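In order, the protein sequence lines correspond to chains A and B. Residue numbering for the first sequence follows my numbering, beginning at 1 and increasing consecutively. Residue numbering for the second sequence follows my numbering, beginning at 1 and increasing consecutively.
Take the hints with a grain of salt, since some may be wrong.
[As the list claims (entries may be wrong)] Listed below are the simulated BS3-like cross-link pairs for lysine-lysine, each with C-alpha atoms no more than 27 Å apart in a straight line: (1) K448/B / K338/B; (2) K448/B / K484/B; (3) K90/A / K338/B; (4) K371/B / K491/B; (5) K90/A / K429/B; (6) K429/B / K448/B; (7) K371/B / K484/B; (8) K90/A / K105/B; (9) K290/B / K91/A; (10) K182/B / K322/B; (11) K432/B / K91/A; (12) K446/B / K371/B; (13) K338/B / K491/B; (14) K338/B / K371/B; (15) K91/A / K371/B; (16) K290/B / K322/B; (17) K89/A / K448/B; (18) K338/B / K432/B; (19) K491/B / K290/B; (20) K338/B / K89/A; (21) K446/B / K338/B; (22) K89/A / K322/B; (23) K105/B / K91/A; (24) K364/B / K429/B; (25) K429/B / K91/A; (26) K322/B / K448/B; (27) K446/B / K432/B; (28) K364/B / K484/B; (29) K484/B / K182/B; (30) K371/B / K322/B; (31) K338/B / K322/B; (32) K90/A / K432/B; (33) K364/B / K89/A.
[Stated by the list, open to error] If you want a taste of the chain B side facing chain A, the calculated C-beta under 7 Å gives, among others: (34) W19; (35) V130; (36) W132.
If you're looking for bench data, these hints aren't it; they were derived computationally from the structure. These figures come from a predicted structure and were not determined experimentally. For glycine and all other residues, C-beta sits at the position ideal for the given N, C-alpha and C.
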Amino acid sequence: MDFISILSIFVMACFVGYYVVWSVTPALHTPLMAVTNAISSVIVVGALIASAAAGSASSKWLGLLAVVLASVNIFGGFAVTARMLAMYKKKEKK
Amino acid sequence: MDLALLSAAAGEHGGTPAWAMLAYLISGVLFILALRGLSSPGTSRAGNRYGMIGMTIAMVTTLVTHVPMIPGDAFNSYVGPDFMTMGEIVAAIAIGGGIGWVIAKRIAMTDMPQLVAAFHSLVGLAAVLVGWAAYLNPEAFGIVGADGAIHAVSRVELGLGIAIGAITFSGSVIAFLKLAGKMSGAPILLPARHVINLGTLAGIIALTAWFTQDQSLWVIATITVLSFLIGFLLIIPIGGADMPVVVSMLNSYSGWAAAAMGFTLSNTAMIITGALVGSSGAILSYIMCKAMNRGFLSVIAGGFGAEAAAGGGAAKEQRPWKRGSAEDAAYMLGEAEKVIIIPGYGMAVSQAQHALREMGDLLKARGVEVKYAIHPVAGRMPGHMNVLLAEANVPYDEVFELEDINSEFATADVAFIIGANDVVNPAAKTDKSSPIYGMPVFDVDKAKQVFFIKRSMGGVGYAGVDNDVFYMDQTLMLLADAKKMVEDINKGLAH
Numbered sequence: 001m002d003f004i005s006i007l008s009i010f011v012m013a014c015f016v017g018y019y020v021v022w023s024v025t026p027a028l029h030t031p032l033m034a035v036t037n038a039i040s041s042v043i044v045v046g047a048l049i050a051s052a053a054a055g056s057a058s059s060k061w062l063g064l065l066a067v068v069l070a071s072v073n074i075f076g077g078f079a080v081t082a083r084m085l086a087m088y089k090k091k092e093k094k
Numbered sequence: 001m002d003l004a005l006l007s008a009a010a011g012e013h014g015g016t017p018a019w020a021m022l023a024y025l026i027s028g029v030l031f032i033l034a035l036r037g038l039s040s041p042g043t044s045r046a047g048n049r050y051g052m053i054g055m056t057i058a059m060v061t062t063l064v065t066h067v068p069m070i071p072g073d074a075f076n077s078y079v080g081p082d083f084m085t086m087g088e089i090v091a092a093i094a095i096g097g098g099i100g101w102v103i104a105k106r107i108a109m110t111d112m113p114q115l116v117a118a119f120h121s122l123v124g125l126a127a128v129l130v131g132w133a134a135y136l137n138p139e140a141f142g143i144v145g146a147d148g149a150i151h152a153v154s155r156v157e158l159g160l161g162i163a164i165g166a167i168t169f170s171g172s173v174i175a176f177l178k179l180a181g182k183m184s185g186a187p188i189l190l191p192a193r194h195v196i197n198l199g200t201l202a203g204i205i206a207l208t209a210w211f212t213q214d215q216s217l218w219v220i221a222t223i224t225v226l227s228f229l230i231g232f233l234l235i236i237p238i239g240g241a242d243m244p245v246v247v248s249m250l251n252s253y254s255g256w257a258a259a260a261m262g263f264t265l266s267n268t269a270m271i272i273t274g275a276l277v278g279s280s281g282a283i284l285s286y287i288m289c290k291a292m293n294r295g296f297l298s299v300i301a302g303g304f305g306a307e308a309a310a311g312g313g314a315a316k317e318q319r320p321w322k323r324g325s326a327e328d329a330a331y332m333l334g335e336a337e338k339v340i341i342i343p344g345y346g347m348a349v350s351q352a353q354h355a356l357r358e359m360g361d362l363l364k365a366r367g368v369e370v371k372y373a374i375h376p377v378a379g380r381m382p383g384h385m386n387v388l389l390a391e392a393n394v395p396y397d398e399v400f401e402l403e404d405i406n407s408e409f410a411t412a413d414v415a416f417i418i419g420a421n422d423v424v425n426p427a428a429k430t431d432k433s434s435p436i437y438g439m440p441v442f443d444v445d446k447a448k449q450v451f452f453i454k455r456s457m458g459g460v461g462y463a464g465v466d467n468d469v470f471y472m473d474q475t476l477m478l479l480a481d482a483k484k485m486v487e488d489i490n491k492g493l494a495h
């Protein structure tokens, strides 16, 4: 993809992010931070590419280390978000 | 670069098959839905699942399109699949995933702010490592031109990605240490720190520009080192209670770092995610700053609370105040019709949320109306109090935001303040010279009776200002550890 197409996606996504995040209820701001943390670990894509590529051993090991770090975040981030969200309950109807 | 693979990829963008690009787009959309789900607790759990599916799609797509191969000789482009490397990748995911899973299951809810800060630091460091990996093996990332040099645009993206990642990392480490109490939460002020910081930032920008002309190792290495340094310098002067802004800001940075790497890889999932996370953190920082009536720059400049505390100590006058006991509080709470509870960071510190929920239950059993009022900056991260109350099984429809409940204090019999201070300080409304002037606060002075749980009369709030609420006629100070005091009140309410 050329730079302008990528930039267009980026700018549009910023607007989507702006409106979606304003609609998040303040009570869920902590889970919001935890889940944004988990999804920003999509950087693992770059780490996997580096790990799988032949040609540079140092690049591969940096990639593998990044895979470990990003995986901590992915599994930890989604799991802790799920744990928090499971706690939010409505008043029981009696 | 392999010629056979190159020709196979001809007609497809940057060597990524069309189906893979679609898959990345889908995972980006699923991430949007993950955040969208958080608009209400009822839809949030489904949202989190969309997020997990999105991440799975992104990872599987990458693994399938980048199967490790053993490079071959002049006759064969590759010898065969590199099972060794595949094993290493799976092991890396398993090790990281296992650590993350265990931490997520074991962490106490009160420790959530430092956990989030620690997780931010990992994203930052991962971005730095990926940036370096791309610099060392640019062919693998498809960012080299015909002349063998990295594209100029890609160099800027790499420089930015590494710089933002490094700032996120070192800044988050400091935020983590401060939040976990492993380092003093007090601001650490270096002389001429603004000059040092601005100089370092200017250096990073200049070097990134230079990097487009000269792709030597020293340039990118210096950018990395300076960025680690500035992240550290930016966060040490910021005090503990400004951490909600800092954590949100670092959240935002981790997003921009992912976006920069997404540009390098032309990866839509990374770009969409980066933009989402970046805006999310920026909006949260804005909400927090507004809730303190302070400019973002003033928070980031740091040092808040340090000067005020130093000045306020000398001119302190002794004013009369009343001390209450748990029995007094239990009696008056039991007789009330409507009680509004205002939790703050002190509740988190003493882990009083479970005892507090019990108190709420005992009061409701007596027909008392109980509501919880949460200030946007209560605690050490956005939504911190809400999570703790949810952990203690407080139904979320009993918990209200500042603007939704503030008019109700006039009809409340009791305002019950537990571990909060600055957010109920009327000086924010009346005293123009106060450092917290203009900050929206709870109108607790309108309630008939105020109970104020506080460890001792000596300490002032984070802002270092005295609080008139202590000395009001209708205020009874309950001086004790928050959890202990609430438990004593519960004993009084039980019979």
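Okay, the hints, checked on the actual structure:
1. K448/B / K338/B: Measuring from Cα to Cα gives roughly 10 Å; hence the hint holds.
2. K448/B / K484/B: holds (25 Å)
3. K90/A / K338/B: Roughly 20 Å separates the two Cα atoms, so the pair holds.
4. K371/B / K491/B: holds (21 Å)
5. K90/A / K429/B: violated (34 Å)
6. K429/B / K448/B: holds (19 Å)
7. K371/B / K484/B: Satisfied, since the Cα-Cα distance of roughly 21 Å is no more than 27 Å.
8. K90/A / K105/B: Distance of about 23 Å is within 27 Å: holds.
9. K290/B / K91/A: Cα-Cα ~31 Å, so violated.
10. K182/B / K322/B: violated (36 Å)
11. K432/B / K91/A: violated (42 Å)
12. K446/B / K371/B: Judged against 27 Å, a Cα distance of about 16 Å means the pair holds.
13. K338/B / K491/B: holds (20 Å)
14. K338/B / K371/B: holds (8 Å)
15. K91/A / K371/B: holds (12 Å)
16. K290/B / K322/B: Roughly 33 Å between the alpha carbons, so the hint for K290/B and K322/B is violated.
17. K89/A / K448/B: Measuring from Cα to Cα gives roughly 31 Å; hence the hint is violated.
18. K338/B / K432/B: violated (32 Å)
19. K491/B / K290/B: It is violated: about 40 Å lies between the C-alpha atoms, which goes past 27 Å.
20. K338/B / K89/A: Given that 27 Å is the threshold and the Cα spacing comes to 22 Å, the pair holds.
21. K446/B / K338/B: Holds: K446/B and K338/B sit about 13 Å apart, inside 27 Å.
22. K89/A / K322/B: violated (38 Å)
23. K105/B / K91/A: Holds. K105/B to K91/A sits at ~26 Å (cutoff 27 Å).
24. K364/B / K429/B: Violated, because 33 Å separates the two Cα atoms, which is more than 27 Å.
25. K429/B / K91/A: violated (34 Å)
26. K322/B / K448/B: Holds, because 15 Å separates the two Cα atoms, which is no more than 27 Å.
27. K446/B / K432/B: Holds, at roughly 21 Å.
28. K364/B / K484/B: holds (21 Å)
29. K484/B / K182/B: holds (25 Å)
30. K371/B / K322/B: Roughly 25 Å between the alpha carbons, so the hint for K371/B and K322/B holds.
31. K338/B / K322/B: holds (22 Å)
32. K90/A / K432/B: violated (41 Å)
33. K364/B / K89/A: holds (17 Å)
34. W19: violated (15 Å)
35. V130: holds (4 Å)
36. W132: holds (5 Å)
Figure legend: structure checked against the earlier numbered hints; hints not met, in rising order: 5, 9, 10, 11, 16, 17, 18, 19, 22, 24, 25, 32, 34.
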